[in-house]
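Novice: This is what each chain is made of:
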Amino acid sequence: MEQQAFNFREIQARPERLAPGHRMCAGCGGTIAVRNVLKALHPGDKAVVGNATGCLEVSTYMYPYTAYEDSYVHSAFENAGATLSGVETAYRVLKKKGKISSDYKFITFGGDGGTYDIGLQSLSGAMERGHDMVYVCYDNGAYMNTGTQRSSATPMYADTTTTPSGTVSNGKPQARKDLAGILAAHNIPYVGQTTFIGNMKDLYVKSERAIYTPGAAFLNVLAPCPRGWKYDAPDIMEICKLAVETCYWPLFEVIDGKWVLNYRPKNKLPLEEFLKKQGRFKHLFKPGNEYLIEAFQREVDRRWEELLQRCEE
Amino acid sequence: MSTKTRMSGNEAVAHAIKQINPDVMPAFPITPSTEIPQFVATMIANGEIDTEFIPVESEHSAMSAAMGASAAGARAITATSSCGMALMWEVLYVAASSRLPIVMALVNRGLTGPLNINAEHSDSMGARDSGWIQIYAENNQEVYDNFLQAHRIAEHKDVHLPVMICQDGFITSHAVQNITLWDDGPIKRFVGEYEPEHYLLKEDESLAVGPYAVSPYCMEAKKAQAEAMKRARKVILDVAKEFEELTGQHYGFFEEYQLEDAEYAVVAIGSVCGTAKDAVDAMRAKGVKAGLLKIRVFRPFPGEEIGEALKHCKAIAIMDRSESYSSQGGPLGAEVTAALYRAKATAETVNIMYGLSGRDVKVEDMEQVYESLRKLAAGEEHFAEYPYLGLRDGTENVLSRQ
Chain S
1 MEQQAFNFRE IQARPERLAP GHRMCAGCGG TIAVRNVLKA LHPGDKAVVG NATGCLEVST
61 YMYPYTAYED SYVHSAFENA GATLSGVETA YRVLKKKGKI SSDYKFITFG GDGGTYDIGL
121 QSLSGAMERG HDMVYVCYDN GAYMNTGTQR SSATPMYADT TTTPSGTVSN GKPQARKDLA
181 GILAAHNIPY VGQTTFIGNM KDLYVKSERA IYTPGAAFLN VLAPCPRGWK YDAPDIMEIC
241 KLAVETCYWP LFEVIDGKWV LNYRPKNKLP LEEFLKKQGR FKHLFKPGNE YLIEAFQREV
301 DRRWEELLQR CEE
Chain F
1 MSTKTRMSGN EAVAHAIKQI NPDVMPAFPI TPSTEIPQFV ATMIANGEID TEFIPVESEH
61 SAMSAAMGAS AAGARAITAT SSCGMALMWE VLYVAASSRL PIVMALVNRG LTGPLNINAE
121 HSDSMGARDS GWIQIYAENN QEVYDNFLQA HRIAEHKDVH LPVMICQDGF ITSHAVQNIT
181 LWDDGPIKRF VGEYEPEHYL LKEDESLAVG PYAVSPYCME AKKAQAEAMK RARKVILDVA
241 KEFEELTGQH YGFFEEYQLE DAEYAVVAIG SVCGTAKDAV DAMRAKGVKA GLLKIRVFRP
301 FPGEEIGEAL KHCKAIAIMD RSESYSSQGG PLGAEVTAAL YRAKATAETV NIMYGLSGRD
361 VKVEDMEQVY ESLRKLAAGE EHFAEYPYLG LRDGTENVLS RQ
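Keeping their order, the protein sequence lines are chains S and F. Count the first sequence with the numbering used here and you get residues 1 to 313, in order. Count the second sequence with the numbering used here and you get residues 1 to 402, in order.
Simulated from the structure, these hints should not be mistaken for lab results.
Straight-line Cα separation of at most 27 Å, BS3-like style, residue types lysine-lysine; simulated pairs:
(1) K96/S - K157/F
(2) K96/S - K188/F
(3) K202/F - K96/S
(4) K95/S - K18/F
(5) K99/S - K202/F
(6) K241/S - K286/S
(7) K18/F - K97/S
(8) K99/S - K157/F
(9) K202/F - K97/S
(10) K18/F - K241/F
(11) K99/S - K188/F
Next up, chain S with everything else stripped away, as it sits in the complex:
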């Protein structure tokens, strides 16, 4: 694979493939993910973009307007993987039959609801079959389009509309599912986990690698949602940074089965630095609830240690 050098100015100057004027919320992490993943397509390269039903779909392709410069296909909530696998197969056969000549890349986006939960089977099938496509999960940790219901990506103790914190409830009882690990277990050529850090280099490099690696690739992008996470919209970059610095959301890749840690914080911050910025964890900071933060910290530590072992760090 030919990887291009990261030049922030050049990349940000590339034409937008997600046009402005769509109806996503101000400060939405999903939109930042889509814009930047698509910027990793080399200029002039063609793509078909897919999408699971969710905020992104209903806000970017509202008839008669589409925000996508590239061809785009949406079918339903749980079948973005299968739908794009059909497009990719059509591409191969039409190319073989000489009916089309251009090269195309295939990238589909789903939220965590459409990816971790209802779309997991379709995603697993598409990845296992090895279609030359990228599935990008923009993970905002809940069903945001329907109003912040818990998903299996929701962090433990988060207050959601189906795991509300109350007098006898501390929010979601379960820890989040390790989707990147599940995808790595498919033995596909590329799995990456990233978020918005600094000048977006990590997101760019991983997107480009995912797009230009032949075969199936999966990218998990932590994409905060100001409404569901309950923080001030301008704080998004700070929150992403804290997710990484606390090791809640480590940056790593699995390339041809080899686990690679991309960033190791010099001073691993306590988890509460990440939690206290967000209204969905407000109840954890009530006097007497310290044990909840401690339990959550133990879970993050356990997973971080496990990741270090996998990466042979």
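Model the placement of chain F on the given structure of chain S, informed by the hints.
Specialist: For chain F alone, kept in the frame of chain S given last:
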């Protein structure tokens, strides 16, 4: 121009697929349609066709991948039965509303409840409002011929709708019958190449498929789809006419068997019609003017033509191989009765439930149906409720076997 041989309905569909050489076939195994993807995979393995087979992990993904492939500009097909189609349900509507000319080989089998693998129409009848054209067959020859016509109908610029080609599970799909296969050359010319106007991979334009359609636009999309289904009526007949010129086989919306002067008519779909034809012959030999209307095209529903064809009859039995649990009868019963009302027919009607979960229907059973119609017209029989044919535990309204 043709070869006489013998094969099962599934083999006949597979032979049609071989002649069509479609671009993409995603499919998932389910009895009794499983053989079709098996035959196709074998043809691919032996280099006989250059179709790409996608061994999907579910039927939901089969229809989703077919939708993606069709939107991308490929000729896409799939095959399924029963619960497999039930799992596709959501995407059936998406495919139809996206106006994608996907062709499905549906081998009719009852939906689970309880689990059963045999012939019933509850799968396709449940999907009758999904926007798919539905064409049914009595035997292997018809399912072969119907499949060869499907792409021409689906891809016609006035239609752009998906088509399901239905045959009865096991009775047609597995039973080996005589068949005439048409030569490859003329069939390939008849089916033609798929050349869509707009598709995702078109070189000089980008296309967006599957919008969120807000209320000020969505109703117009549905109306446009309904109009396409109406236009399909003419296209189905035009394609059938062209097919007849090529093969000599005649197809229309339905087949009339001894119906012109019939006093007592049966309306049915699928393999039972072969049995009914024998019963018609037996009744005619006894001097009873029996006839049959065999529905081939259920969507679009040729209600006006059916009403016209039946309106002279004294009594009509409408046979449903699918419960609707409406307490009033089955879907064919409801639609044919409505057509008769619009045609101002005065015939007595009875809606009969038969063959559920593969329950066998014999010629004598059908003769009994005609006998009941004669009594119904004469006022000697009355059905308070819609009867079941051949039910084991005889209740008052059962047309029990003699």
